[in-house]
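Spelled out, the chains give:
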Amino acid sequence: MRNIQLRDALREAMTEEMERDPRVFLMGEEVAEYNGAYKVSEGMLAKFGPRRIIDTPISETGFAGLGVGAAMYGLRPIIEFMSWSFCLVAADQILNNAPKMLYMSGGQFKVPIVFRGNNGAGGQLGSTHSWCVESMFSCVPGLKMAIPSTPRDAKGLLKTSIRSDDPVFFLESERMLGWGARGDRDFETPYPDTFTPYLSGGKWAPPTIEEDADFTIPFGVADIKKAGTDCTIVALGRPVHFALAAAHELSKEGIDCEVIDPRTVRPLDIETIVRSVKKTNYLVIVDQSWPFASIASEIAMQVYERAMDHLDNKIIRVCNDDVPAPYARNLELEMLPHPRKIIEAVRAVTYNA
Amino acid sequence: MISGKPATRPSDALDAAALLELLRQMMLIRRFEERTMQSYQATKIGGFCHIYIGQEATAVGSIAALRKDDPIITAYRDHGHALARGMEPKYCMAEMYGKLAGCAKGKGGSMHIFDKDNAMYGGHAIVAGQCPMGVGLAFSHAYLGEDKVTVCYLGDGALNQGAFHESMNLAAIWRLPIIFVVENNSYSMGTHISRGTAAADDLSVKAAAYGMRYAECDGMDVLDTYDTFRTLVDAMRGSSSRALGAPADTGSGPAFVNAKTYRFKGHSMSDPQKYRTKEEVAGRQERDPISTLVSHLVERNLATQEQIDAIDKQAKELSHDAEKFAEEAPALPLSELYTDVYAEPFGPYKVGELPEMLRKTQK
Ligand SMILES: Cc1ncc(C[n+]2csc(CCOP(=O)(O)OP(=O)(O)O)c2C)c(N)n1
Ligand SMILES: [Mg+2]
Numbered sequence: 001m002r003n004i005q006l007r008d009a010l011r012e013a014m015t016e017e018m019e020r021d022p023r024v025f026l027m028g029e030e031v032a033e034y035n036g037a038y039k040v041s042e043g044m045l046a047k048f049g050p051r052r053i054i055d056t057p058i059s060e061t062g063f064a065g066l067g068v069g070a071a072m073y074g075l076r077p078i079i080e081f082m083s084w085s086f087c088l089v090a091a092d093q094i095l096n097n098a099p100k101m102l103y104m105s106g107g108q109f110k111v112p113i114v115f116r117g118n119n120g121a122g123g124q125l126g127s128t129h130s131w132c133v134e135s136m137f138s139c140v141p142g143l144k145m146a147i148p149s150t151p152r153d154a155k156g157l158l159k160t161s162i163r164s165d166d167p168v169f170f171l172e173s174e175r176m177l178g179w180g181a182r183g184d185r186d187f188e189t190p191y192p193d194t195f196t197p198y199l200s201g202g203k204w205a206p207p208t209i210e211e212d213a214d215f216t217i218p219f220g221v222a223d224i225k226k227a228g229t230d231c232t233i234v235a236l237g238r239p240v241h242f243a244l245a246a247a248h249e250l251s252k253e254g255i256d257c258e259v260i261d262p263r264t265v266r267p268l269d270i271e272t273i274v275r276s277v278k279k280t281n282y283l284v285i286v287d288q289s290w291p292f293a294s295i296a297s298e299i300a301m302q303v304y305e306r307a308m309d310h311l312d313n314k315i316i317r318v319c320n321d322d323v324p325a326p327y328a329r330n331l332e333l334e335m336l337p338h339p340r341k342i343i344e345a346v347r348a349v350t351y352n353a
Numbered sequence: 001m002i003s004g005k006p007a008t009r010p011s012d013a014l015d016a017a018a019l020l021e022l023l024r025q026m027m028l029i030r031r032f033e034e035r036t037m038q039s040y041q042a043t044k045i046g047g048f049c050h051i052y053i054g055q056e057a058t059a060v061g062s063i064a065a066l067r068k069d070d071p072i073i074t075a076y077r078d079h080g081h082a083l084a085r086g087m088e089p090k091y092c093m094a095e096m097y098g099k100l101a102g103c104a105k106g107k108g109g110s111m112h113i114f115d116k117d118n119a120m121y122g123g124h125a126i127v128a129g130q131c132p133m134g135v136g137l138a139f140s141h142a143y144l145g146e147d148k149v150t151v152c153y154l155g156d157g158a159l160n161q162g163a164f165h166e167s168m169n170l171a172a173i174w175r176l177p178i179i180f181v182v183e184n185n186s187y188s189m190g191t192h193i194s195r196g197t198a199a200a201d202d203l204s205v206k207a208a209a210y211g212m213r214y215a216e217c218d219g220m221d222v223l224d225t226y227d228t229f230r231t232l233v234d235a236m237r238g239s240s241s242r243a244l245g246a247p248a249d250t251g252s253g254p255a256f257v258n259a260k261t262y263r264f265k266g267h268s269m270s271d272p273q274k275y276r277t278k279e280e281v282a283g284r285q286e287r288d289p290i291s292t293l294v295s296h297l298v299e300r301n302l303a304t305q306e307q308i309d310a311i312d313k314q315a316k317e318l319s320h321d322a323e324k325f326a327e328e329a330p331a332l333p334l335s336e337l338y339t340d341v342y343a344e345p346f347g348p349y350k351v352g353e354l355p356e357m358l359r360k361t362q363k
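Heads up: the sequence lines are chains A and B, in that order.
For the first sequence, the residue numbers in my numbering are 1 to 353.
For the second sequence, the residue numbers in my numbering are 1 to 363.
For the record, the hints were derived by calculation from the structure and aren't laboratory data.
Everything numeric in this text was worked out from a predicted model, so none of it was measured.
Note that the Cβ used here is the ideal one computed from N, Cα and C, for glycine as well.
Just so you know, not all the hints are guaranteed correct.
As the list claims (entries may be wrong) - Where chain B lies over chain A, by a calculated footprint (3+ residues, C-beta under 8 Å): (1) 59 to 70; (2) 75 to 89; (3) 95 to 101; (4) 308 to 319.
Take the sequences, apply the hints, and build the full model.
Now the structure itself:
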């Protein structure tokens with residue numbers, strides 16, 4: 001068993017895929033000489049040189065679109081956004097060009113590109129810097145989207161993303177890159193013990209399976225992070241850990257939750273969720289984006305369509321509050337999904353069990 | 001199109017009191033930012049925090065050439081602009097403490113400092129995002145036939161964003177009364193301007209590309225900065241025929257200023273600064289904008305050392321008091337999550353009260 005942080009997992013995935021395929025390159029702001037604004041690409045310039053690890057100016061439209069062009073030409077770019085919040089200036093390239101090229105060209109031009117970077121509230125950054133783009137982007141046909149919650153998933157999914165012939169939006173979390181970093185203690189304190197299954201010596205301990213350089217995780221396959229019988233909790237990315245913390249607390253009350261991590265939103269493994277709901281008859285969905293027209297709403301609707309008769313109560317969504325992200329620490333903590341909100345939601349749906 | 005420096009400098013006309021006011025502002029910013037760094041290290045301030053130390057002369061010298069109602073808009077390195085604009089330091093500090101008493105009620109933080117009374121239209125955290133809005137402010141002057149000038153600050157990194165170039169073009173075709181100022185500190189995070197910006201050693205070509213006037217100033221010298229802006233602003237103001245719809249050859253049109261400056265601290269509070277040597281920073285610190293003005297004052301017998309020390313003491317006290325005010329201010333109530341989302345609230349949303357800072361003046 002190796003102890004690695006999420007940032008190490010991401011770097012390993014990129015490094016292995018770059019060794020495997022000379023068409024893969026990494027481009028973005030401060031990825032090379034600075035060694036990555038968040039040290040994800042640390043050492044990669046030294047290993048691969050400036051032809052393949054490429055610093056850009058602050059020109060997201062330019063380098064995201066460059067990536068699309070290069071992908072059409074046959075290269076396999078990894079485009080890093082320092083934060084997904086900064087991709088918005090490049091919206092035309094990532095939303096109009098990347099996901100629609102294959103369709104518009106009648107199947108002639110595929111766009112094998114990975115856009116990746118930090119998503120979600122980084123901690124008191126204010127509303128322009130605290131975007132959760134998953135809900136607003138996942139409605140676009142033609143793109144794939146992965147939101148890993150552990151280093152193992154991150155590595156396996158990123159390798160699959162780089163090998164994918166379609167554009168992949170890969171959403172990481174600044175606050176998960178080095179677990180235990182400043183900022184995360186807010187969420188740990190009430191339930192410190194619940195994080196230990198994933199932590200070893202302050203670092204994450206992924207299973208040994210990833211020692212295999214060809215380890216990948218397919219898209220569209222949910223992972224049951226914790227099996228249970230009484231209530232299904234669906235969560236993606238960082239909130240998976242809040243769901244696990246909540247499940248741990250609730251087990252003390254005799255409520256045995258099943259925590260399902262879909263890991264990818266496009267494609268979405270609705271079957272695993274439906275199977276679980278048919279077993280537990282209750283569903284809470286945790287989504288760190290805003291509730292209106294959200295992934296949580298979409299999953300709820302798909303479950304209603306397939307398993308309404310199996311639900312013993314309404315579905316509850318635990319999302320961001322429907323307001324822009326505030327700067328003040330106390331307000332931000334309240335606004336984001338957190339274990340207490342999930343616990344309350346599970347209690348509320350299962351009260352009639 | 002480089003506008004030469006006039007033989008007599010506008011700053012020659014500044015009396016001792018006016019010069020001491022420039023010094024006061026720069027010293028206040030310096031001491032305030034030192035407090036800010038301490039508070040950040042003590043985790044009283046969160047998020048991203050960008051320190052203005054080293055660049056004081058740029059904001060102070062340029063703002064001194066403006067009228068109080070001339071709008072300014074800038075990026076996220078914005079504390080200095082707010083203070084130069086006249087914001088009471090305690091409101092800026094309380095904002096970074098995330099308190100209700102902050103200038104934006106703790107909702108914006110360090111990168112989003114706003115002050116309506118002082119025509120500060122914000123710090124903006126997306127690089128170059130402020131440029132199109134700056135054009136919108138200048139458009140409003142032309143539209144309303146007002147005799148105002150907008151100053152839009154940007155970092156050298158923002159030169160590489162599409163939004164900057166579109167803004168320059170719009171301002172130029174409509175000859176809007178706006179001055180774009182690059183606070184050229186040579187770095188965008190760890191990227192030296194020569195690696196990120198084409199024609200980095202001659203930014204006049206950026207202005208030339210849009211047929212715009214260009215000026216350079218020593219952003220480490222508050223008087224040179226003042227002179228440059230005084231000249232540009234005076235030319236721009238009063239050219240009333242620049243109103244929209246006027247023939248394109250009237251009015252003085254927009255301008256682009258390259259203010260050569262340097263930040264003495266890291267990009268943000270979490271920057272190991274491996275991209276530059278300690279010697280480079282030390283060398284640049286030898287031309288400290290505050291010491292430069294102090295020497296100017298002392299050499300010309302315009303101020304005594306006692307006066308200067310008193311100004312510094314006052315700056316320290318104000319910064320200390322700002323910190324104390326922020327520390328003691330009550331927390332932001334959770335109910336504020338749902339205020340200020342809509343000007344005309346519905347559903348769960350509520351009308352917000354104005355920040356304490358504005359309550360005396362605005363309705
Ligand atoms: C569109 C966008 N991309 C990236 C960032 C991240 N970022 C914040 S500041 C910065 C560097 C900007 O440098 P510069 O414009 O020179 O201003 P300075 O920090 O020197 O004042 C970067 C890359 C951002 N805020 N917005
Ligand atoms: Mg800069």
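Comparing the hints with the structure gives:
1. 59 to 70: Holds: 4 residues of the region 59 to 70 of chain A have a Cβ under 8 Å from chain B.
2. 75 to 89: Contact hint for the region 75 to 89 of chain A vs chain B: holds, 4 residues under 8 Å.
3. 95 to 101: violated (count 0)
4. 308 to 319: violated (count 0)
Comparing the model with each numbered hint stated earlier shows that hints 3 and 4 do not hold.
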